[in-house]
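J.: Given next are the chains, with one letter for each unit.
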Amino acid sequence: MKYAFYPGCSLEASSAAYARSIEAVCRALGIELVEVDDWNCCGATEYHSLHRLTAAAVIARNLALVDQQLTQLVAPCAACFLNLKKVDHQMADEPAWADKVNAALAAGGLHYQPGRVKVRHLVEVLHSDVGKEGIQARVKKSLAGLKVAPYYGCQIVRPFKDWDNPEYPMKLDELMSWVGAEVVPYPTKAACCGGHMTQISEAQAYELLRRLLQSAVDAGADVILCMCPMCQLNLDAYQSAVNSYFGTNYRMPILFFTQVLGLAFGLSLKELGFGSEIVAALPVLRQKVPAVLAAAKS
Amino acid sequence: MIQMANKEGTSFLHQVMAETPRGERLLHCIQCGSCGGSCPNGPDMDYSPRILFALIQAGEREKVLSANTMWMCVSCYYCTTRCPQQIPITDIMYTLKRMSLREGLAKGTDAPALARTFVHYLATYGRAFELGLATRFYLFNKPLAMVKMGPLGLKMLAHGRMSLMPKRIRNIGQLQAIIAKAQDLGD
Ligand code: SF4
Ligand code: SF4
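Going down the list, the protein sequences come from chains A and B.
In case it helps, the numbering used here puts the first sequence at residues 419 to 716.
In case it helps, the numbering used here puts the second sequence at residues 81 to 267.
Where hints are given, some of them may not hold.
As the list claims (entries may be wrong) - Ranges between beta-carbon positions, derived for each pair:
no. : chain 1 : residue 1 : chain 2 : residue 2 : range
1   : B       : Q95       : A       : D517      : 16 to 26 Å
2   : A       : A555      : B       : G113      : 44 to 54 Å
3   : A       : Q531      : B       : G113      : 39 to 49 Å
4   : B       : A134      : A       : S560      : 54 to 64 Å
As the list claims (entries may be wrong) - Straight-line C-alpha distance at most 30 Å; calculated DSBU-like pairs for lysine-lysine:
no. : chain 1 : residue 1 : chain 2 : residue 2
5   : B       : K261      : A       : K518
6   : A       : K504      : B       : K187
7   : B       : K247      : A       : K688
8   : B       : K143      : B       : K187
9   : A       : K688      : A       : K504
10  : A       : K420      : A       : K715
11  : A       : K536      : B       : K143
12  : A       : K504      : A       : K550
13  : A       : K579      : A       : K550
14  : A       : K420      : A       : K558
15  : B       : K247      : A       : K420
16  : A       : K688      : A       : K420
17  : A       : K579      : A       : K558
18  : A       : K536      : B       : K261
19  : B       : K247      : A       : K504
20  : B       : K261      : A       : K504
Claimed, not checked - Short, incomplete list of chain A residues facing chain B, as computed with Cβ under 10 Å:
no. : residue
21  : A522
22  : P584
23  : S633
Quick caveat, the hints were computed from the structure, so don't treat them as lab data.
A virtual CB, placed ideally from N, CA and C, is assigned to each residue, including glycine.
From just these sequences and the hints, can you work out the full model?
T.: In structure tokens form, the structure reads like this:
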């Protein structure tokens with residue numbers, strides 16, 4: 419299986435653990451990811467607030483750069499995923515708009531034919547293309563004993579309703595249950611982490627994060643699993659700020675789903691990028707799934 | 081159902097619709113309130129999306145464009161998926177952000193400054209430079225917060241989660257030409 423890959427800026431720095439664990443898990447499953455050559459930042463949510471056409475053109479440059487041999491593009495970050503998918507859809511939806519975006523791209527000698535590239539998220543690729551049997555065939559150590567809260571956030575499941583149920587998605591739940599993890603019902607699984615709100619207005623941002631943490635505690639989760647670098651960063655790096663703001667004492671490990679999946683595949687802690695999480699995760703894992711940790715070489 | 085309050089009101093409503101993909105759905109708002117009820121930041125908004133849309137229809141341009149509503153929007157798309165009338169609410173929030181900036185009515189929010197810093201890095205390097213972004217943004221906008229955020233930055237550095245140098249894409253000239261052309265072509 420071969421896919422084009424758009425890593426996004428976070429994977430280069432703040433979320434190298436996600437990048438490493440994606441690479442390791444895909445290698446283990448025989449999935450080849452071909453990085454889009456010379457890709458640029460997708461503009462996150464910021465560019466749309468300033469200039470609509472520039473925002474679209476900047477995103478479309480990446481779609482235009484996808485290898486002509488490949489038609490499927492995997493984006494691991496929620497904001498990148500939605501930006502790429504939305505621009506493709508809006509161009510397909512409104513030919514006049516597509517012409518305008520292409521007029522801008524032409525200044526750089528590029529062109530994008532709407533609909534040529536299908537934008538996908540890795541969870542969906544593992545869930546649908548690899549499937550239950552393919553995943554289970556690779557399991558070396560069951561994660562039985564580990565209670566995980568799968569967190570989807572907003573922009574992968576909404577506004578498009580074709581990915582999963584936009585209110586209560588289940589794909590990541592199923593994927594993690596296939597490797598033996600105990601998936602807890604997590605009522606806030608598709609609620610918002612605040613995105614860049616942590617930079618703008620801490621009162622609002624911290625309250626959104628508090629709800630996600632409290633809901634995971636109430637569900638009895640040992641760890642929250644993320645599928646977006648922004649969500650992971652907010653929950654992990656700002657957790658102590660949330661604690662001082664509300665006088666709470668959350669110590670919830672926040673991991674990427676690929677890191678935990680990789681443990682079940684018997685991959686090493688190093689390959690999976692462990693050690694860069696800010697809220698310690700290894701003590702909890704050692705306690706809940708000691709055999710898995712003992713098997714995972716550091 | 082739509083009250084065309086006055087000539088100016090009509091043009092404001094139509095401008096909002098014209099600048100939003102599928103914006104014409106706004107004419108179908110039934111004022112049910114599902115949007116505000118779904119919004120994680122609803123309680124902190126000057127007007128809920130529902131009220132904001134009534135104000136748009138009433139032609140209350142200045143009231144709408146100086147509201148904090150769109151700046152409190154975190155683009156979670158709950159309202160958009162739940163609206164029984166298929167109104168692209170989140171995209172309308174983006175349109176209102178752009179209009180409010182253009183008309184100099186955005187106030188009491190750091191969001192535009194963050195957006196401009198972000199876009200500056202994108203246009204210069206082709207990538208968002210995280211540490212540079214945070215530093216430049218805080219230095220110019222929130223020097224006090226910078227002191228407070230210092231420990232977090234250090235923690236991030238210690239965990240290898242911040243790059244000290246921006247990465248520049250190879251073909252930055254191509255990206256800049258595309259950006260210049262898009263800005264030329266208008267919104
Ligand atoms: S949910 Fe839709 S129809 Fe209902 S008030 Fe909001 S915008 Fe109007
Ligand atoms: S997209 Fe914006 S307005 Fe809509 S529910 Fe989310 S935060 Fe509120």
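J.: Against the structure, test the hints numbered earlier, and report the numbers of the ones violated in rising order.
T.: 9, 11, 17, 23
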